[in-house]
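Assemble the complex: chain A is given as a structure, and chain B must be docked to it using the hints.
Number of protein chains: 2
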Amino acid sequence: MIDVGRRDFLLSATAAALASGIEPGAWAQGRTAKPLGYAIVGLGTYGHDVIMPQFANCTHSRLAAVVSGDPAKAKAVAAAHGLPSSSIYSYANFDSIRDNPDADIVYVCLPNAMHADYTIRAARAGKHVMCEKPMAISVAECEAMIAACHAANRKLMIGYRCHFEAYNLEAMRLARSGVAGRTRYVRTEHGFVQRDPSKWRLKRALAGGGSLMDMGIYSLQAARYMIGEEPVAVTARESTDRRDPRFHEVEDMIEWTLEFPSGAIAGCQSMYSANQNHVLLMGDLGRIELEPATRYDGNRMWTGKDGREQERTPPPGPGKTQFAGQLDHLARCIVDGREPIVSGEEGLRDMRIIEAIYRSAREGRTIRLGTTA
Amino acid sequence: MIDVGRRDFLLSATAAALASGIEPGAWAQGRTAKPLGYAIVGLGTYGHDVIMPQFANCTHSRLAAVVSGDPAKAKAVAAAHGLPSSSIYSYANFDSIRDNPDADIVYVCLPNAMHADYTIRAARAGKHVMCEKPMAISVAECEAMIAACHAANRKLMIGYRCHFEAYNLEAMRLARSGVAGRTRYVRTEHGFVQRDPSKWRLKRALAGGGSLMDMGIYSLQAARYMIGEEPVAVTARESTDRRDPRFHEVEDMIEWTLEFPSGAIAGCQSMYSANQNHVLLMGDLGRIELEPATRYDGNRMWTGKDGREQERTPPPGPGKTQFAGQLDHLARCIVDGREPIVSGEEGLRDMRIIEAIYRSAREGRTIRLGTTA
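Chains A and B are the protein sequences, given in the same order. Mapping of the first sequence onto the numbering used here: position 284 corresponds to residue 284, and the numbering continues sequentially without gaps. Mapping of the second sequence onto the numbering used here: position 37 corresponds to residue 37, and the numbering continues sequentially without gaps.
Everything labelled a hint here was simulated from the structure, so no lab data went into it. The model shown is predicted, which means the values in this text are computed figures rather than measured ones. Worth double-checking, as some hints may not be accurate.
[Claimed, not checked] Have a look at the derived ranges for each label pair, beta carbon to beta carbon:
no.: 1; chain 1: A; residue 1: Ser262; chain 2: B; residue 2: Arg308; range: 25 to 35 Å
no.: 2; chain 1: A; residue 1: Tyr91; chain 2: B; residue 2: Glu363; range: 46 to 56 Å
no.: 3; chain 1: B; residue 1: Arg182; chain 2: A; residue 2: Trp200; range: 45 to 55 Å
no.: 4; chain 1: B; residue 1: Asp284; chain 2: A; residue 2: Thr45; range: 17 to 27 Å
no.: 5; chain 1: A; residue 1: Glu143; chain 2: B; residue 2: Asp297; range: 49 to 59 Å
no.: 6; chain 1: B; residue 1: Arg365; chain 2: A; residue 2: Asp102; range: 52 to 62 Å
no.: 7; chain 1: B; residue 1: Lys320; chain 2: A; residue 2: Pro53; range: 51 to 61 Å
no.: 8; chain 1: B; residue 1: Trp200; chain 2: A; residue 2: His150; range: 54 to 64 Å
Don't be surprised by glycine CBs; every beta carbon is placed ideally from N, CA and C.
One chain only, chain A, in its complex shape:
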């Protein structure tokens, strides 16, 4: 199902509420709100270095627990963040987090192949879930995660931080405003040079795939949120040097074309052998371009008729940082009883397309995307 209407409504309603400073629902009614507590599962680069420092920028979220397979690291991190030892979990005793009322939300920052298991276990432990992207490594896993959260009546949100990033939000707004006219084409590439063959992202069992799972999902997301429609067909090609020790198990470069109901086309790409981070929307009246487009910081944006004529600085996003905006969004959705704007269903939509991209590249033909999503 092409769910543009609902999605646009949520985006615009949320954006309006955030921009106006008016808090919808319970918070607006003056409820005393203790920030909700997050348990960070996985103390790797993203969970520890990127996410944990962001609670300092949050209003409605705080760090409540850590989950790690490394007891010494977990102890040191907990101490550094003032957490009691009762807030430290291993993967072995993770399920006992159900007895910790201080942890409202479990944030799954594990390798992709572990997302489903820990999301489902968190939901069964009565916790809401923030799960990093990609949501999982298959459509079947995504469906099981959604079902588990639904059965437990818990919220499920995917860590699509660009929906809380000022440049990307402004680019979406500009695209909808018609400043570029009728959208005909989006071009987006994401990649970086993966150097270390031992990285989990290069192991199929842990990553589920290569650059598409890691960076290509930004291209896929950007194509969808810039065009504001759901694609109806995908045609993909892959190019990987399998003799390269980095790429024995997963793809290096993959390029795919998405066709949208309006006739717009998105040319998307990802790779692990060059640095790129770019989103371009072309309409019949002009363009909106971001480069870098989806970085943690330092993004830039231009509009123009023929090129990068006017550089634009967007208004502030909903949080002090995109990460804080993302963390607080789920906290507020829980308190207000709303669905996150990037829900499990959104992650599932991407995963259906990702499976079709791989299939198209494998079979050398266009894959029509189902009319139900």
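Just chain B, lined up with the frame of chain A:
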């Protein structure tokens, strides 16, 4: 046949000769060289407004005749350029140009569907031929043109002006120099907003196709000359609103992926519904980017690791302008008995790929490109 070796040799030999100011062959030996005379066939925008003023920038070429279906226009143009009335031809009496020793070369600036006929007639009249791109509207036509010029022992060159344009030449040199490392990906888009449904470029019988024939061929050329290899497969998708009166007969937007023997991929696109003119090469060490890339003037170029870090101004091209460089190149090839660097065979290579692009889009599958070109 992947003809990289020969092509690279010609490119580098020619570039070296041109850059050094040393004239190979007859000219270098001090032969008194009266500039060769061009007959311009077709006094439309390109032939009249773009090409004719360029003889003022040429060293080895001059205007010798005009061929037009409009007697009044032909007379006025001839007068303005100091040509005698004996140098004016209609399409009816064009073949009598064989008796005009002042016209060495016929430059075919007609609609695409007329390229083959006038090239073949020119060769049979004993004239060398410069033919605008696209070379023709089918592989069969290209083959007939090559055969006719071969039988008449006349040179045939295609008007691929970017091979004489300073920015594109420098971009090719930089790509070969390894400044961007191993080439993994080229992205190139060309298009503009076609507004007038009555234009010949929107009539299938005259244009042979839509944006691909007109602008997409720049993307195709750029992919080939930036990567320096011949593609082995193409996968294409088209998107055209056939209700739009501009696009009743030809395509608006077409996007295609070329796969190269080294594993490099080129994502190419053209359209008639937005302005774009862009070439980007990504290697594992950095990038080379042009935007605008292939305009008559005003092109710009950058290199960088992650983005447009260093803007570059190339050394001068082989002519005062790309057009003069192109016109003089054929004149010198004729005098020196060399093949043009952008010969009929080069035009044929593009036409084989263009036919495969259309076929891939039509059939929704990857088309392998023949190993003979």
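Against the structure, the hints:
no.	hint	verdict
1	A:Ser262 with B:Arg308: 25 to 35 Å	holds (30 Å)
2	A:Tyr91 with B:Glu363: 46 to 56 Å	holds (50 Å)
3	B:Arg182 with A:Trp200: 45 to 55 Å	violated (25 Å)
4	B:Asp284 with A:Thr45: 17 to 27 Å	holds (22 Å)
5	A:Glu143 with B:Asp297: 49 to 59 Å	holds (56 Å)
6	B:Arg365 with A:Asp102: 52 to 62 Å	holds (56 Å)
7	B:Lys320 with A:Pro53: 51 to 61 Å	holds (59 Å)
8	B:Trp200 with A:His150: 54 to 64 Å	holds (60 Å)
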